[in-house]
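Visitor: So the chains spell out like this:
Number of protein chains: 2
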Amino acid sequence: MDKSEIRKRVLEDKKKHHNYIPPTYFIIQFSNKIKAETIEWLTNKIKTDREQGGAELQVRKQPILETQKHNVTIHISADSERLLELAQELDVKKIDKISHPYEFTYHDFIPSEDKLTTAEKQVLVRHELENIRALLHETYIPGYPDKHLYEGQSILSAYLYHGLVKQVFPLHDMTALLKLRSVWHFSLFNKQPYEEIRSYFGESVTLYFQFLGFYTAFLTLPMMLGFFQWFVAPDSVAFFCIINIIGAAIFLEVWQRKCTELAFIWGTISMASSLDDPRPNFIGVMGKDVVTERLQPQSPRWKTNVKMYCVSFPLVFLCMIGGFIVMLASFWIEDLLKSYPDLPWFIYYVPSSVYAGMIYVMNMFYRQLANFLTEWENHRTQSQFDRHRVTKLVPFEFVNNFMSLFYIAFIYQDMDMLKYQLATLLIILQFINNIQEAVLPVVIQYYKKKKADAIRESPPLLSECLLDVEELDPHDPQVIQAEEECRMEPYEDPYDDYLELFVQFGYVFLFSSISPMAAFWAVLNNIFEIWTDSFKLCYLHQRPMARRVKDTGAWQRAFQTLCTISIMTNCALFALSPALKSMAPAMSPVEWVLLFVGIEHLLLFIKQILHFAIPDKPDWVRIALAKIGYQSTKALKKQRLENRRLRKISEFLPNKESLKID
Amino acid sequence: MDKSEIRKRVLEDKKKHHNYIPPTYFIIQFSNKIKAETIEWLTNKIKTDREQGGAELQVRKQPILETQKHNVTIHISADSERLLELAQELDVKKIDKISHPYEFTYHDFIPSEDKLTTAEKQVLVRHELENIRALLHETYIPGYPDKHLYEGQSILSAYLYHGLVKQVFPLHDMTALLKLRSVWHFSLFNKQPYEEIRSYFGESVTLYFQFLGFYTAFLTLPMMLGFFQWFVAPDSVAFFCIINIIGAAIFLEVWQRKCTELAFIWGTISMASSLDDPRPNFIGVMGKDVVTERLQPQSPRWKTNVKMYCVSFPLVFLCMIGGFIVMLASFWIEDLLKSYPDLPWFIYYVPSSVYAGMIYVMNMFYRQLANFLTEWENHRTQSQFDRHRVTKLVPFEFVNNFMSLFYIAFIYQDMDMLKYQLATLLIILQFINNIQEAVLPVVIQYYKKKKADAIRESPPLLSECLLDVEELDPHDPQVIQAEEECRMEPYEDPYDDYLELFVQFGYVFLFSSISPMAAFWAVLNNIFEIWTDSFKLCYLHQRPMARRVKDTGAWQRAFQTLCTISIMTNCALFALSPALKSMAPAMSPVEWVLLFVGIEHLLLFIKQILHFAIPDKPDWVRIALAKIGYQSTKALKKQRLENRRLRKISEFLPNKESLKID
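These protein sequence lines are chains A and B, in that order.
The first sequence begins at 1 in my numbering and counts up by one.
The second sequence begins at 1 in my numbering and counts up by one.
Derived by calculation from the structure, the hints in this document are not laboratory data.
Don't take each hint at face value.
[Claimed, not checked] Computed Cβ-Cβ distance ranges for the label pairs, DEER-style:
| # | chain 1 | residue 1 | chain 2 | residue 2 | range |
| --- | --- | --- | --- | --- | --- |
| 1 | B | P314 | A | I623 | 25 to 33 angstroms |
| 2 | B | T561 | A | I614 | 28 to 36 angstroms |
| 3 | B | N44 | A | D91 | 47 to 55 angstroms |
| 4 | B | P589 | A | S236 | 47 to 55 angstroms |
| 5 | A | R640 | B | F431 | 47 to 55 angstroms |
| 6 | B | N305 | A | K288 | 25 to 33 angstroms |
| 7 | A | I243 | B | E591 | 30 to 38 angstroms |
[Said to hold, decoys possible] Covered by chain B, per the in silico footprint, the following chain A stretches (three or more residues, Cβ under 8 angstroms):
| # | segment |
| --- | --- |
| 8 | 592-599 |
| 9 | 620-628 |
| 10 | 634-648 |
Cβ atoms here follow ideal geometry from the backbone N, Cα and C, with glycine treated the same way.
When you get a sec, could you build the whole thing from the sequences and use the hints?
Guide: See the structure below:
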């Protein structure tokens, strides 16, 4: 069955469905200052055949409504046939009955694309949009001769970079979304409808919810232990605390394992930075890729490494020091104020309030710096980019969130203050966070609408351009939907959500010998968090870009590090505990310190052993991967032998015709 | 060009060389108590066609000479054609011009096997010998109805296990050996003829010499620093010492990298326990392998794991405790004796001499225990077996070699004694070791010869059996050679050689702040070591079995651990140093301890960072592997699509003939 035959069947299928128009997958909203020819150029690129460097997708324009502001907005969609072609080309994988993934082929799917999930379709269309790249002779953006392009640059990302396109986002698929909402909101933390979430939001978001569920389930152990501690003598706290920390270490190893399993089932496990397509913003000279031999932008890795090690890391380190100094300053000023007992009461709260404000401002700036640096380092793939961005952000967040607690614990050695601070942070701040996540987007949306209603004076550009592009029926529900979603905030990635969990993990484990009830509050918060996060995604934000991921990336390492640090902090807290010291009054201070240094080393050693003893891959995944590897190697060998045979035969051909050898 | 054609060409080639007899690759020497039918059975198996469960190799018998003792001895060899077949089957890899390995095929090699190295031929023949496995109906060894066989058991290893075969070893290839000797003995430590060593001794031995050379080259850094320390103030020792340890950490990471590179060039990098053939001693039920679908003995992995975690590990731990107690006892007794000042002088040396003797005895027993346990755990592949054996042996060796030094350093805190001990161990013991390695085998060989000459009364069994097997010409040099090599000691594996380096690494780095000159002695020793080891292999031992390896396995981890421990010990030595303490007289003891705990944590952190920052694979290897992976996946996909197409076609065939699909 060849391509033309499939095409015919698909067309027949369309006729049956009479006047079938594929749904909108993406919305591109142009800036209202853009020139008509610039819009025309991109739109043409999207429609043009692939052979001529286009994306071969369908474009329709958003009609002008009474309520609409005047940015030109286009709808991108693709028909079944195109989607099926792409799915085969980009190796979409499906799961067979024994949950082994297999590669997609045309034949499995015709006559319709129903077996592709809505997230997969989104990924396919986005891949095509992002891969519209400038050709050799296209040296600038039409209408803007000063905005240069280089060969191989992603045109859409150039438009975004220069502010010519205001936003690009996938449109919600209301049928699928309604179905998802109905099953999700009434599910408990560990029984979320992961498969449905994945087919709607893609792997990245699903992995976050899997992690959240898994982590919360694990937290019930420290929660139980916390309750239990009420009934035992306070000097046995150390024992519970050690169980907690080893539990956390095991949890992280088991999560890693689960991650591999998921990645295998999702078919993302073989994702490697050397095989992935480059990010649209990746800057490089067009060239043959050394691995895939595809024509892609190329840039040597050492440049990225030099930038990272010589510029970014020192800068990140300086910023951490900066954050640390600001914290010290706030404590010094507070101490200074306390030496004047006659000041009005609220003055004493000024330093810590100012510090809280400064953290917020510093974070904002630092985030921009981290984004800029990571972009400038020019990582080839999205997953590398994400990993290095998170690696830059986490240490700074660590300083901001935990350093003041360290200061209270080990410099002030004021355990009551530490307890009070921890409780405040854990209960109140997290509660506020949740409310804010659920409420803030609604407020922003409201104000955007008001603002949009206000600016109506700019000329309607739409009448001047895209005359040959079909306009959507104004009664099409997608028109209203597009308008509404244009005003929503985008959901960038689960970074903030992971960060919340990271900070919470720190609060629970770093000082777990001081705050046995922390886990309880964390569990409570997380149950609420699942609800707000799902609400946020289903109601308040634009549909997120589905991203294929194979693990929690830099977060796994961040949590691991936090776990190691909590071994150290808790041992230090034990050493400071008067209850424990009273049990061994005969020991000298040096012996006492050495005892806990010893315990700490023992725990670190146990953590290391656990790391080696719990394999990253479950046995069945290991075997399945080995099998695929073995079969692939065999297939390659066979192909090579075959080619060599063909070459031999061609030597004997009278007219030296060369046979096709690949 | 098909098989029959190749066969013809090879035969023609043979005719040209007139009466060509392939050289002996292996010698099998039977026990002198064995029955004739038992000899016949194995010999027949070796000669029989593969289809009937034989090895299809050539067998000739050793003639009875005047000087020979009467064990029946046979020579195993294989002709070019058989070797070429095997080479293709077992994926022997060769390196192309840009040092990328490619799979072997017939066509690259005919008409002769010259391109196969002598080590490769040995591996191929051994593989066939070890893979003669018992069939379903062969439930016992002929002649010994009480010696049971199970289906799939390796017959040769059953013979060895029951003592029916005295020894199996590869015969030296004198032409190749002479060539190797001539280039090796006059080469410096870092410029050894690695490629020649590999083609004669195989990867395992070569990797050891590569490591030895690389490690010795690195040791020149601490050696230089050691000399330099004479000219600076003693309080800057700490600084040099930290450089040393970080240097060692970097060395280990770089070695790991070099290892990957070598494994790639050698074509062993894709060796994985799931693909390797099972060890001959692996016990399991015959079944289809889940990965390769070949018929092989199968045994579930969890059984091995349970044995390992529930029995072996606790036993190893107990033995370590035992070794520790013996050490303590020796120190206690020594202390006790010192309280009687009137005893004769030599009495004071008794405890440490007895301890040294006990270590030797304990080691011997422990080695047997470790071998037994690892065999009992039933690991599937040789590399797993080696890894787990080393993992058991190293901790015990650690206790025996270093614990007494720890005791002197941290309990006695007698730095002069420590220095003295270190110097003794490093210089004298290592020197003795080297001499012993070079001399002992000569002595053993001499006594074996004497003993062999003495027992001449046992009846010559040879006249009764193997009547249909061709006898070698008594003037063939291989006959004398076989006789001589039968008396040599086998060279099991480089375990003892690695152990020597491991102990030396410990002496140099664990207490490097105390003994700056240790590196110098180590370098001196290693230069000598290269010479003795190569001498040992080329002159004194039976030719070792060539083993394919991809890394130093458990040794890498052992060295890493030692490096981590040396960070700890050196920081502890700093804290004990009076010279350093005098620089900060104002610090309290607790602060002083905490300072060095802090430094230790910082160094451990740096080591961890180095581990992440230095990638295991050089870029070119990473890319080459990714390319192979990509091409294999593509080939597999193509093959699957092709198969599906064929299946479709076969559905339309009138007589439902099934096409061949693989």
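Visitor: In ascending order, which of the hints set out earlier in this document are inconsistent with the structure?
Guide: 2, 4, 6
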